[in-house]
Amino acid sequence: MGKKQPKLREHIIEREWCKGCGICVHFCPKNVLELDEKEKAVVMRREDCICCMMCELRCPDFAIEVVVEN
Amino acid sequence: MSVKDYIRERFFPHIWCAGCGHGTVLNSMLRAIEDLGISKNEIVITSGIGCSSRIAGYADFHTFHTLHGRALAFATGVKMSAPELNLIVPMGDGDALAIGGNHFIHAARRNIDITALVMNNRIYGMTGGQLSPLSGCGTKGTTAPYTNIDNSFDTVELSIAAGASFVARTTTYHVKQITDLIKQAILHEGFSVVEILSQCPTYFGRKNNLGSAVDMLESFKKNTTPVGSNAKEKKPALIERGIFVQEERPEYCSEYEKIIEKAMGAGH
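Note that the protein sequences, when read in sequence, are chains H and D. Numbered by my numbering, the letters in the first sequence go through residues 1 to 70 in order. Numbered by my numbering, the letters in the second sequence go through residues 1001 to 1268 in order.
Among the clues, some could well be false.
Claimed, not checked - Here are the simulated DSSO-like pairs of lysine-lysine, each with C-alpha atoms no more than 30 Å apart in a straight line:
no., chain 1, residue 1, chain 2, residue 2
1, D, K1176, H, K30
2, D, K1258, D, K1176
3, H, K4, D, K1234
4, D, K1004, D, K1176
Just so you know, the hints here were simulated from the structure itself, not pulled from any lab data.
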């Protein structure tokens, strides 16, 4: 039984709002995110995302949203 | 609804520095309100002055950006005139316990139904890194380049002593706990204090060699423990997280209502 694993639809990143603090990158348990050359969060390993939402919950800038399938 | 439905997007990106914990507190607070399903029109936020107080501009409720340290006095006025509204007062450590220290203890003493959030980053960020009553001995700031000799308040102990009937603490690392505690604080009928340890990498972090925002969050994880844990006995320096007081006590607006009835009755 157990709770059904949520399925990822997409990550929405507001590049204008991201300030490159790296909190989402560092605390992602699956190492999905990185900072690019402009110090903005980007998704590098989409398939590894387990939709734990911790990046979205911790982001101080409302810059990342994890959208899951209903 | 999504969390973005609760912010005023026209003011984003917000003014807070990269890695500032205050955005995380706002994020978690909005999720608490969303989870409780409270209508935007039933929430009033009053704030004072400082980095933390900018929340009043970003959150899309009835909001009131008022005087330094006086947010609780304004909240008291709003609550007494419209007790059906939910009052949330986000404050920084300086705003709440230095400039607003007197308002804070007396609001707690009255046990008026207000949710006070103390976003404790241990420094005055907006004005350039001056020390606050929560900086603590041995820390550095622009006003204490040779280290601080002032003892700090313990927000939790102070709130309990002053009479708050709901007192809790957590950190910006523990985001789900922030949401959970704010939910309980809003539902609690009486004066609720939630202290949230928040990181200021720009001033407190830099002046005290605490590293990046990520490093500061790691230290919140490492240096805190749930209330009543065994870890605290082994390592007394750990800071406890969780609910310290949650008691039903007569609430100020309800008691005032009784006085009104009594006074009206006395005339007949």
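**Q.** Satisfaction of hint between K30(H) and K1176(D), Cα-Cα up to 30 Å
**A.** Within the cut-off at roughly 19 Å; holds.
(Q) Tell me if the straight-line CA distance from K1004(D) to K1176(D) falls inside 30 Å. (A) 18 Å, holds
Q. CA of K4(H) to CA of K1234(D), is that 30 Å or under?
A. The hint is violated at about 39 Å.
Q) Regarding the pair K1258(D) and K1176(D), is the alpha-carbon distance no greater than 30 Å? A) Roughly 38 Å separates the two Cα atoms, so the pair is violated.
Hint violations for this structure: numbers 2 and 3, all remaining hints satisfied.
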